[in-house]
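Undergrad: These are the residues of each chain, in order.
2 protein chains.
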Amino acid sequence: MTPPRLSRSSDGADRGGARGETLQAEIDLLGALAYGELTGFLRLSAHADKAPTLEQTAEVGALAVEEFHHYQLLVERLRELGADPQGAMRPFVAAVDAYHERTTPNDWLEGLLKAYVGEGIATDFYREVAAFAPEPTRDLVVRLLDETSGAEFVVGAVLEATERDPRVAGRLALWGRRLVGEALSQAQRVAADRSSLTTLLVEGGGAGTDLVAIGKMFNRLTENHVRRMLRLGLTA
Amino acid sequence: MTPPRLSRSSDGADRGGARGETLQAEIDLLGALAYGELTGFLRLSAHADKAPTLEQTAEVGALAVEEFHHYQLLVERLRELGADPQGAMRPFVAAVDAYHERTTPNDWLEGLLKAYVGEGIATDFYREVAAFAPEPTRDLVVRLLDETSGAEFVVGAVLEATERDPRVAGRLALWGRRLVGEALSQAQRVAADRSSLTTLLVEGGGAGTDLVAIGKMFNRLTENHVRRMLRLGLTA
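So the protein lines, in turn, are chains S and W. Residues in the first sequence are numbered from 1 upward in steps of one, following the UniProt record's numbering. Residues in the second sequence are numbered from 1 upward in steps of one, following the UniProt record's numbering.
No false leads were mixed into what you were given.
Pair by pair, the computed Cβ-Cβ distance ranges are:
1. W:Thr-123 - S:Asp-165: 43 to 51 Å
2. W:Glu-135 - S:Glu-147: 30 to 38 Å
3. W:Arg-90 - S:Trp-108: 14 to 22 Å
4. S:Glu-152 - W:Pro-166: 50 to 58 Å
5. W:Thr-53 - S:Arg-127: 30 to 38 Å
6. W:Glu-101 - S:Asp-107: 17 to 25 Å
Since the hints were made in silico from the structure, they are not lab data. Just so it is clear, CB atoms sit at the ideal spot from N, CA and C, and this is done for glycine as well.
Turn these sequences into a full structure, and let the hints steer you where they fit.
TA: Following this line, the structure appears as structure tokens:
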């Protein structure tokens, strides 16, 4: 399902109010993604430190490093737009930090599932966003998607753990529900607070249109999350 | 001052005992460096999480990511040599972990100084090692050196902090002494335990030759450390 495209010229010719609003929305978007990647890097590298083997330290470390590179690309794009990267990230600090505080993994497997679920939702969100964003931000986001190697090793680790002890599946299913719930709840909070961001995501319409479109996007993210949980042999 | 080169053919034609010993030494060397880089990545990213600003989080994060890339290159080389990377790192886990446990920074500045001092000593050590190692390990080590961006932003941060409060200089000078002391002490421990490693570093000679050569190398590392501390306006 293709989300509605924002009807705008991408050559920046429409200056003035509309252009200013779109620019702010673009900066918001990049700032939110950048802060998400930076904290993702910090959380994943902290989790890598708890790995049972050096090999797993390196696997999770590689995911962390990937997030840091995305952060660097997003900051570069913010600078190109003449924005201050720290200022652009600031409005999203509270929501992203709250997500991480409420989803601190209790053990190695919970951390792996968080990495997998988080990366999945982030990738889906990028994909949605890529369709709306003006160039060259759209290109950048697509590049980040192409580069994402995926936390595929998590699938094997989870299947192995639930095979060894089937009770683990119930606990991880609950954990997955909590992760997606917290992620969407914080995303809703951001969408409500930053109307500039939601205007980017929806084609201009009457009052309430954006909320409906955002709601539909969240539904798509949730559906994909359910599919990913099934791949792990977990109910969602 | 050029350290003595190991007199050996680099084409791998000298198989048998001598070749086996050199290969073990090369694996030891790569394993020690790899574990150092991997833990460096973990420690630096944990420190990045404590940064006072997001900009500093990113600066220290970039150092962490650099270490992870070095780790990946070293592991790749270990695999080329047919070695198991985890097995190659294992003998050095105790010494490296002990170094980090004994040098846990008490605050942001101590962590920055540790990054600066640690990277300085590691870079010097790489440089020494590059002269001894067979190809293509030598090339790899030189590449890592060229890629090292340096923790130069630390110089500004330390100078600024000591200008604001001159008492900080005394505390950081003591901390620098502790860092280099612990680093060399753990390196001595490794040199004593892993004779294969020290044979790589010295030209074949009578008993004791290697200890003398190692001692001289440590002196050079210490001299360079003193120079770096002076650049920070700190006594060493």
